[in-house]
Each structure stands twice: as C-alpha cells, then as structure tokens.
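Quick note, the sequences are listed as chains A and B, same order.
Position one of the first sequence corresponds to residue 2 (my numbering), numbered consecutively onward.
Position one of the second sequence corresponds to residue 5 (my numbering), numbered consecutively onward.
Calculated directly from the structure, the hints in this document are not laboratory data.
Using N, Cα and C, we set each Cβ at its ideal position, and we do this for glycine too.
All clues stand as given, with none of them false.
Some residues of chain A that are not near chain B, with every Cβ distance over 12 Å (derived):
id : residue
1  : Leu6
2  : Arg208
3  : Asp210
4  : Val307
5  : Thr308
6  : Gly337
In the BS3-like style, the derived pairs of lysine-lysine whose C-alpha atoms are separated by at most 25 Å in a straight line are:
id : chain 1 : residue 1 : chain 2 : residue 2
7  : B       : Lys396    : B       : Lys433
8  : B       : Lys155    : B       : Lys241
9  : B       : Lys155    : B       : Lys69
10 : B       : Lys241    : A       : Lys267
11 : A       : Lys267    : B       : Lys69
12 : A       : Lys360    : A       : Lys233
13 : A       : Lys442    : A       : Lys274
14 : B       : Lys399    : A       : Lys233
15 : A       : Lys267    : B       : Lys72
16 : A       : Lys246    : A       : Lys360
17 : B       : Lys399    : B       : Lys308
18 : A       : Lys235    : B       : Lys399
19 : B       : Lys388    : B       : Lys433
20 : B       : Lys308    : B       : Lys396
21 : A       : Lys320    : A       : Lys267
22 : A       : Lys442    : A       : Lys360
23 : B       : Lys472    : A       : Lys246
24 : A       : Lys149    : A       : Lys233
Below are the chains, spelled out letter by letter.
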Amino acid sequence: MSELLDQARRVAEKARALGAQEAKVVASRSRGVDVEWRDGQLERLSDTTDQSLSVSLYVDGRFSTHSTSDLRPESVETFLSQAIELTRYLEEDPARSLPDPSGYEGRSTVDLELFDPNYEQVSGEMRRAEVAELEALARQASSHLGDKVISVSSTVGDQFSEGARVHTNGFEGARQGTTFGASVSINLKEDDGKRPVGGGYSYRRHRSDLRSFEDIVAEAVESAEGKLGAQKVKTGSYTVIVKNKSISRLLGALLGPLSGAALHNKRSLWEGKLNTQIVSPLLSLHDLPHVPRGLGSAKWDGDGYVTHDRPIIENGVLKTYLIGDYYAKKMSQERGMQIQRSGSGLHNFQWSYGEQDLKALIADIGEGVLIDRFLGGNSNGTTGKLSFGCGGHMIRGGQLAEPLTEVNMSGDIAGLWSNLVAIGNDAYPEGSAHSPSCVFKQVQLSGV
Amino acid sequence: MISEHAHKAGEASYKGNAEEGIAYFRAFGVDESLFRAAFAAALSRGGDWADLYFEHGISQSISLKDHKVDSAFSSIGLGVGIRVVSGDQQGYAYTEDLSKDAVVRAASSAALIAESQSAASRFESQGFEVQTRANRYPISQEWMDVEVAQKVPLLTRLDEEVMASDQRISKVNIGLGHSTTAILIVESTGAIHFDRLPMTRMNLSCTAEDGEQRESNGYNLAGREGFEFINERRLEKLKTEAVNRTLFLLDAEQAPAGSMPVVLGAGSSGILLHEAIGHGMEADFNRKGISIYADRLNTRIAPKGVTIVDDGTRQHDRGAINLDDEGVEGQRTVLVEDGILRSYMHDRISAAHYGVKPTGNGRRESFKHTPVPRMRSTYMCAGKYDPQEIIKSVKRGIYAETFTNGQVMIGAGDFTFYIKTGYMIEDGKLTRPIKDTNIIGNGPEVLERTDMVGSDFEYDEGGWVCGKDGQSVPVSLGMPTVRVSEMTVGGVNA
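Just chain B, with the same shape it has in the complex:
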C-alpha cells in the first residue's frame, strides 16, 4: 500500500514522544548533526532564535462518481522549513531536499534576516532536550493498515442508499480522504517536539432533479481519527444530511433583501464567530495595529452572556492539536469572557511582543509556510435562552441553518457568510425555506447586537478549512442558537 513507506520510516507506534520523532525522521537522513549544521548556518548572522520544522505527510483519497469508485489520489510531502527570528522579523527558507548541503543552504538564506555577525557560534554549546506530549488523537486503526478494497464498499453502499432514498436524486459524488502528517520541531534552545496528526474526511454531494428544476448540495464530516472514524452513525448522517439539504433547495427561494434580525441555528453558524471575531483576534494583526480589535483588549465588545473560546484540546476534533507548529502546547484560550475581550490568539512572536505566554495558536499549512496565529476550534458557549423562544421573538427575519463559506476584512471588520439553507421567520414562526443568500455585517457591531444566546450549544463536525496569508489549515467551530438583532441580508426583490 502507498502508506507503507511511512510505516517503515516510523517503525514504532506513536506515543507523543520526541525520541520517536527523531527515529521516524532518521529514515530520511535527519539526525543531530544535521540540526547542529542547520542552526550554525541559521544563526551565523545573529538572530534571537531559530527553529527547524521537518514534515513528512502522506495523504490518500478515493472517489466515487457514476456509481463507481474509479479514481484515487495520493501525495507525499517531505521537507524542512527553517526560520530565523530577530525581534518581530523573520527570515524563512524551506527545502524538499534533506541533504546536509541543501539544508545548510536554506538555513543560510533564512539567516539573512539578521544583520549582526556577533552570535556566530552561539548554538554550539547547547544540547537537545526531547519533549513528551499528551495525545489528543489516539488512533484505534491506522489507515495504513486498511486496504483500498475495504474502503471501496463503503462508498458503493452509500451511493446505492442515496440513489434509493429519493427518485429525484440523479447524481451522487462521494469522496473519502485521509492523511497522516509527522512533524518534528527542533528549537535552537535545544527543545525537540514530535507529533503525528491524523485526519479523515468524507464528503457526499448529490444533484436532484424535479421537472426542469435542478439543485446540488452536499455534506461532509471530518476529524482527527483513523479508520475508526467511519462508523454507522456518521455514514447515516452523511447520507441523510446530503440528501435532505439537496431536496430542501428544490422548494427554497432566495431571501428577501434588506436589514433584518437574523437567528443563527446551533452548530455550523459558528462561522459567524470565525469571521466576525476570530480573525480579528489573531495577534499578528493586532501586533501590527491593523485589526479592528487592536486596542480593545479588556474592554466590552459583546453583551454580557457572550463567552467565546478558541480550543485546541478537544479530543479527535478537526481543530485539535497536541502542540502547535512552533512546539507550544495546544490549549483552550478564552477570547471573550462574558462580553469582555480577554486574550488574542498568539504565536511566539506576538506573545513576545505583548509580553505574554504563547497560546498555542502558531499554525502553518506545511513546511512551506511560516507559522502565524490561527484559530483551532472556535465556539461560543451556551447561554440561557430556549432556542424556540429566540425564534418566537422575531417578527420578521431569517433563520440561518447551514453555511458554505465566509470572509472578513480584518481592519474594517466587515465580514460575510453564505447561507446555503434556512427559513424565513414570520410572526415568530419558521415559514418559507430560503437558500443561497449572503449575509454581510461588521464584526464589532454584530457582536454588540448578539442579544440572545441559546442553551443548545452544538459542535459542527464538518471539514472546515480556514485560509489566511495563502495558507489553509483545518479548523472546527460550534455555536448555540443566537439572535443578532439586525444584519444586512443579501436577498432579492427589495
């Protein structure tokens, strides 16, 4: 199988121990002498500190279309990123060639960020200390032990069940993908960290036809698990949600345009937090003074009762991390406590800038990127209102149930998110189904207008991907039902 290579390289199973990490990467010629040579070059012109980020990632996916599992994709990524930090400044280089010459050449390029020649041999006296971590994503069955022949029937069964569920379903596409990424982080302080990050993702989309009308929609699930991720509950949910969300669209219309109350359903409406507040609280934007939240620390930014958390500790969660991509422990960070902004999300550079401890938010897409503050699992804690009471409180507005994407302008605070399905609320009741409607608002203003928070908190299990600075990382989100007293609804027929 394609993943056997990793098995040979890793040899022992993962226990979160950096010694295993060193053993894992030794198969690629990575050893202590390479670390020493790299750091000698990286810090040859000075700099406060440096780190090496070795990565070996294996991914594989299979897909079904037209009732056949007839295509597959696999990839192997191997390389090292070398960073030299001097104050707030970073020099960065990466190479996919792990020979000593190539790594030293890359380290010498990263070193150019530093201006002084005074610290030429500073690394020589230091040793290395391995760091052991808790494991938030223990695996019961590694994907590398699963034959493709075991995966194929899962998809064909789902396809048959979806096609049989409603005669209006005319096309089904299903994908199953998984990856395992091994990272070894070596700091110039001598600390060494290792992690192996699993990820499994399934998606199912379908097209439904009713006369001349045609609609497409889908659903996906993801988490940091092995083959055990695939269970009956999830398969049923994948199938049911994809079919229901597609058929729903046949009867739905775009929402009316204008400014009105918006009730966000529990679960995936956490996208509101991600866009309205999350990015603006990433500390790099605040360090540079360009976020709308740059001077709002310890001030009220939301009504009492609103508490927002960014959490990397939820076991098997898509946004979970044992450690971030700078070697800092994954943590639970309270961003907003009862309406007061308490913390930004920090990487090491921003934490040093603010004189606080890093919060374990220094993440990167791969060794090809520098780490920057990123979200993990971002959610709003449950409030006191019965969700039905929230709906009843709205005379005329919309209820947003499922979403596809969002975006934010960090400085201005303007953000959008796209409602795929929802309902009109008229006289306190859910009435007409709505679809394909963009919502736009301003982060601080929307938070101030979040005046009812439901008691029905729900995590979303979807495979959300967050983009920033050209980097994509997996994240997750959650939300109780909330009411925003007024937002701009991008509908039709004003």
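This is chain A alone, in the form it adopts within the complex:
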C-alpha cells in the first residue's frame, strides 16, 4: 500500500515538475484467479496480475486524462511529458480545477472490512475442489431433468486489488480489497431444439460471506427449469412483478438521467425536478457508502470528497442529482447560478422495503406477469421512453403459471415508476443494490 502511495506521490510531483500546475494520480494493481469447470473436468484456469497508472493533468487552464500500464521509470517520465505537451494543444476550460480541498476533510474512521484477512489462505487446490464440488452439486440438483441437461459448468474465483490516489492540493488515500465469486450455469435442451440456460451466483468481499453452494445451485436450477416450454405473452397491459434480481435494469433507467453529464448535455428527463414528486410515493432509495463489507462501499468518491449516507429519492420525491465537482462548476458558469456539487457516486442502496415476500406478492396480484430477466432493449434518458426485451411467467389465480419468452416491455421511465404499487421485503442478497421485487400496474407488454 505505502509503495503505491509513494508511487502516486512521485508521479504527482513529477507532473508538476514537468509543467502541470495540478494533478490527480491513481496507482493501482491487482491479482485475480479464476477456475472454470465444465461437465466433469477443468475447462479453464486463469491467473492474472494488473498494474496501472492513471493521471489527470491541469495545465495552463487545460485538462486531460491519461493511463498507462508501462510502468518502467523511463517510460513513465516520457508518458508524463508527452501527456502534458498534448494538454497544451487543447482549449481552456475554466471549470477544470481540482476540487476544493475542504471536501476532503472528515473522512470516516469506520472499518469498511473491504479486505478479507483470510485471502492468503486460498490455495489452488481449494479452488479446484470447490469448483468441482459446485458443478457436481448442480448436476445432482438437476438430475430430475434427465437428458434435458446438456451441459453444467461452474466457476470459482477471487481477486485482490489495491490502489492509491493523490491530488496535488492535499488529498491522499489508499485502499485494498478482496472479492470472491462462485457461479454455476445449467444448459438444458428442449424437444424443439431450444437450449435455455439458467444460472446462479454469489459475489462477496469476504469468502465466508458467499452464499452456500446449495443456494447458488437452487437458483440456477429454478432459473433453467423455469424457461422450459416458454411461450409468448398476449400483447396487452398487465400488472407486472419484476423479480428482485432483475429490477436493476429499471433502476438504471431511473437513475442514469440524474448524472451531471446528462443534465449538462440536456439529456435528462429529470431536469428541473429536484424536490418534486417524480415517481410513486412508495419508493424511497438511500445511498449508504459505509456498509461494512459492502461491494459498493467507499470512504471517498471520485473527487476525493468524503462520502455520506444520503437519500436519492424519498417517498417518490427526488432529493438529489448525481453531480460531481466538474459538472457543478461547469453548469454554474454556464447558467450564471450556483449549482451544488452533490457527488456522482452511488454505493450501496437501502430501499423502502415492504412487508411481503415474492410468493405473497404473486398471490396478492392474482393475475399478471412475473418478469425474471431482461434481454436487450434500451431507455432514452432525454425523453424517458423505454423498450426492453424480457421473459418470466404468467401469474394466474395467485400462482406462477406458464413460462414466458420473447416479451417486450414498453413505456416511459416516469410512468412506469409512478405506477409502482408494491415493494417486496425480499432484498436480493447479491450486488450492492439490495433490490426487492417490485409490482407495477398497467405495464405494456408485447408478444402475440
């Protein structure tokens, strides 16, 4: 860690010596190991090491960013000289300057536990044994599907990464972390030749926090089996439950237009909507950057500013945009008014969870559609229009019925989230979004 921090300091000093007035430097390195097992034998083994240096330069009122993985000392000096020379050709941008250092102060002292002290104990033999065990469990758990099962594969992997950031106006920070992952895929074959696949995974900061292999396998079997015999939906308007693990697609469409870049480029349907009701009052969404072992946890953001818990949406009211230091300055200058920097980073989410689990939600709506996957499509952050491919199940009589495929969901972001009528209590255990299943009324689905 101190070695990377020293390297970042040296590069920042060198950049100034070569003519930059200010600089931001990030030095990082990582090692990752992944093992893949397929149909009873080792398929792939990879062991990789990364190193990189990223530099942002402020030269005579101009700005540029550069990265290199060629870290030989003579190369780094040449790299910096050329980068500074390039920057001088650009036009000035008065909004480009390092963030106000007052924002660096007050960093949390909480231990985020991003590093698993047992990381070094993981051996090649352990990974091989686990990846084989995972595949064998999946094969066993899907044995009732007989010769429909055409391939089962599993992966186990881990990564160690560390990085140091230095700003020439006083910011210094270093962090290291680990991640561990395990996943399984089950490929089936139907009589008509279609070969649906189902998967399950777990991905955590600490190895001991990984979900049990039995849980991962159960998710994969349910996912694969649930696609057998899928049909098209009848085109129409439905009450739709979007399953917890899939809601991130709709969440991304909702939050993407909050960015400083979208607002500055007039590509946000949320412009002028701060502190107004933009979606259903059922939705509250808080960003929590200091969750121990959280995949999105961080004590500082991309500007070096300390992070804080904050509401993004509260009872359907938009509480903040996601504007970093640069776009705050840029828009303030352009519009002749002070635009507050609010921080562009999102970390770990906490939702306004409901009382019911997925089964109860399904029973509650009685008739409708469960969406458990998205496939392609897009959303337009400027207008809010969206159109996504998806699949799932019909819901009839309060229970899951026939599986669905080749479904299209269309509408607009604001309308969809305004039609949110229920939120589950089933936060998905993976990722940093901790999403629950959500129920939307009057959703346009296309099929036959």
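Take the given structure of chain A and dock chain B to it, following the hints.
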C-alpha cells in the same frame, strides 16, 4: 506527441513482417531468450501447445463540448498473455511486467492447466519461424505524425456547421479517437506473427429542442485507417446523419405493440444477423453443445436465397484483420449458403475439436483475455427483390432504419435489437416516423421468416462494438433490405 514512444519502439514502418515485430518489441526487452524461457515454463507440466501474445497499444482521443475542444484522453497498454492448451482446456495468465522473472512466473501459472510432467523440455529443440502477411489496412498518414493542433479545427468546424444547420440544435458533442495496436504472437511450434492494427473513430451527437420537446441522437463512423480516414465525404456524412437522425425524433412516436411484419432497411440492420445468427454460430458455443445451432450444420436454417458471410478481408473495414489473435490468417467464411448452414466460426481449439481448419475468428480484446471465436464483418449477400417492392408487400408493419444495440441468448436463440428510427408501413407505404422501439425474436424462427431479400446490399460504416465473455472487439456489418414476415414489436398502446 504522446505517440512518439511507439515510433521509437517500432522504428521501421510496418510491412506485415514478423521480423519487424521482433524489432518493435525488442525495445521492451522482448527477445528470443524470453520466448524460450516462457515456453519452458508454460509447457513444463505438459500441454498440447502454448502461445505468447505480446501487445503494445496506444490510443488517444479528443472531444468537443460547448463549442470547445477542451478534453483529451490517452492510454498505453503493454503486456503479454500466455496460454497453455491441453485438449479443450486452457490455462491462461497475463502480466504487464515484461521482465523475464514476471513472464516466467505467469507462464508457470498458465502451465497449471496441464496435469502431466512428461513433456518438460519439449520446446528446447524448436526454432522460430517468422510469418509474413498481407496488409489489409495500409496507412497513408500515421496518426503519430499528426499534431493535436491539426485535429482541433476539424471538430470546431463540424460544431459550427451543425449549430448553423438548424436552430433547434442546442447541444453538440464531438469525439475523435484513434489507436494503434502492435501484436506479436509467438507459438510454441516456433511460428511468429506480427501485426499493427490501426483504428479511427469519430462520433457526433446532438440535442435538439422544439418548444418543450427535447431529443438527442447521433452518428459515428469507424475504420482501420490513419489520418486519411478523415475526408470531406465522411465529415459531411457524420454531420448530416447526426442532425437528421436527431431532428427526425422530434416528429416520431414509439411503434404500436404486437406481432407484425418488419422490413429491415439496408446497412445497419445487419445487427439482425449479428444477434440472430452470428453469436450462435461461434463454434465455442457449439463445441459445448449450448448453441441453438449446435446440431444444425449442413441443414437448412433459412429460405433459399439467404447467404450469410463473416469476412475479415475487407480492406480498411472496422472488422478487418490480417490475422486473428492466434496468428491464423483473416478469412472470408461463408456461414450460410443459400439457406444451408455451412460453417461455424472457429478458433484453434474449436477447429481441432471439429477436425477442421480454423477460420481466423479467434479474437480477443487484449492480452488480458483468452481468444474465443468472434465475428469480424458479418453480412447477408444481396437478393433479387427491389427494396420498394418489399415495402409495398407489407399491409401493416414497420420499417426499421437505424439501430443502437442488440443482445442474444445463445442457447434459447432469443434475441433483441433496438430501433432508434424507422417508419410505420401502412398499405405498402412508409407513413408515420417511429422511434425507440425494441424488437424481440428467436434466431432460427426469424431466419425462417426472412422471406424477401433486397438487391440493395449496403455496408454500414459505424463503430460497432461486440461484447462476449466480458470482452469487447470491433466488428462491422452489412445487409440488403429484407422482410421478416413476423416479429414481436415492443411498442405501445396495444
């Protein structure tokens, strides 16, 4: 300039000769003794063969916003990927440190895929043979010889012209990026291959406002060329397409929902092929039995008249390759011939599995990735129908003109692509403009329903990027106008 480093390292200009490649990488301490040490470690536990993939890539981009070229980005990537292959199994490691110790350490990690100790010194007796290749992307003017000061006016001129073209245009963003990637592939058989891959990309996006209505769209162009890529025709096309596509949206609405005929316009609708058939014909999925096309070789998968090709030989094309990332010659591969599935796209592993020659589709994003079968330039050959006749044949459907993205489920065959702009077809005529509509279908079913193929084949010049296994590679595509008799349109107001 930032790219001078490459010039010093490369010294001589590229002629597609591996000897030049060895000279190029010698500046980074790469030589024959390193190859020998790496292979000795890589094959120390056995394995059928191994390869080393050295890469040095330089990229630079500048961008304009708010009428100023005020930001730039550059990157340098240097490293080596080491692969050991044993049957269908692969051990892989990479390092960005090209010292002998680091490379041998990485090679020893890759070696762990092999179980036997019997072939410890097998590489020692072999020599190296350099391979010379044709060059499908000769450069007239290297980007390294172009000052940033020459690039800036190109962007500011475009910005001024776009802003002046229509008073509804309120924002313009323009980007110009280029890269040169040198690769040196060393096989344990002793073959050595070298290539330098140029790429230039320009993008222009704008926002238009009309009262309270606001829309954004854009256009981009890309190809394997140097500074000569920038010419008046392309600049005009970039500007015109970006503006027209943005203004078009102000009058357009989402398509109606449901199942209906879809006519795909010539050019970028090649995305249909890429998603509906292309990925499913990558041989790794078929080798594993998980593609919907796994047992369809030499059977009819499309009507007569449908011929589909994946081609790495088109000069200066974004998907062109002199050789793939395993050292295999770039080729033109006929996938579907008059409706019959004739070939998958192979890398060396899948080719060995099927007992055929590799097709030059073994591609990777960088030394950080293993090569896997990937598309290059995928297109459908022209058919016999007048495109107007195809439109006239549709009573009620949609005409899809431009696209942004697509995705496929390889095994199930379900795929989507997103229509950015198009028209309704009513009583055989193009009528209302449509936008932002996803289309979903099933690959084999859609191919079977491709019942009219137009005579107006067109390549698309856009900067398409294909993602697979976490890797992105540049690809291109092309298509004549075609009719699909029925697809699900993700529209509104059913």
